Amino acid sequence: SSQAIGALDAVALRFFPEGDRLLTAGFERGCAIWSTLTGALLRQFPFEPRRGNILDAEVFPDGRRVVFLTSGRSAEVWSVDSGERAISLVNGVGGPHRAVRVFPDGQRFVTGVSLLRRDP
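Quick note: the sequence shown uses our numbering, first residue 4, plus one each step.
Just so you know, the hints here were simulated from the structure itself, not pulled from any lab data. Treat each hint with caution, since some may be false.
[Said to hold, decoys possible] Label-pair ranges, simulated between beta-carbon atoms:
1. 113 <-> 40: 30 to 38 angstroms
2. 108 <-> 51: 25 to 33 angstroms
3. 55 <-> 22: 28 to 36 angstroms
4. 74 <-> 21: 28 to 36 angstroms
5. 93 <-> 42: 31 to 39 angstroms
6. 91 <-> 14: 18 to 26 angstroms
7. 90 <-> 41: 27 to 35 angstroms
8. 93 <-> 43: 12 to 20 angstroms
Computed from a predicted structure; not experimentally measured. Glycine included, every Cβ here is placed at the ideal spot set by N, Cα and C.
Starting from the given sequences, assemble the full structure and let the hints guide the process.
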């Protein structure tokens with residue numbers, strides 16, 4: 004028997020290293036962690052819409068932290084265990100973040116910024 008998991012408005016879907024959990028990030032429901040075994044919601048992150056929409060998300064290799072990018076030009080690292088924000092960084096260069104990836108060692112992450120310009 005199969006079961007649907009997650010949010011219909013997802014902009015990012017990322018499996019945890021063990022494959023037993025799925026991180027979803029979306030505009031309406033924010034960010035959440037789901038069991039891939041039961042479909043149960045395991046954690047909902049308290050995202051505040053005033054900080055902008057979620058544009059991307061990633062799971063750290065140790066499975067203990069996640070990082071979200073927002074249209075408000077911030078990258079936020081959250082603890083999976085406590086559900087609390089550990090770090091919030093604001094990008095002052097260029098446009099909003101578009102993508103995030105965590106280095107394999109789990110010590111750093113990198114974000115991509117859109118620098119597209121429109122001709123007048």
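Going down the list of hints, with the structure as the test:
| no. | hint | result |
| --- | --- | --- |
| 1 | 113 <-> 40: 30 to 38 angstroms | holds, 31 angstroms |
| 2 | 108 <-> 51: 25 to 33 angstroms | holds, 31 angstroms |
| 3 | 55 <-> 22: 28 to 36 angstroms | holds, 30 angstroms |
| 4 | 74 <-> 21: 28 to 36 angstroms | holds, 31 angstroms |
| 5 | 93 <-> 42: 31 to 39 angstroms | holds, 35 angstroms |
| 6 | 91 <-> 14: 18 to 26 angstroms | holds, 19 angstroms |
| 7 | 90 <-> 41: 27 to 35 angstroms | holds, 31 angstroms |
| 8 | 93 <-> 43: 12 to 20 angstroms | violated, 34 angstroms |
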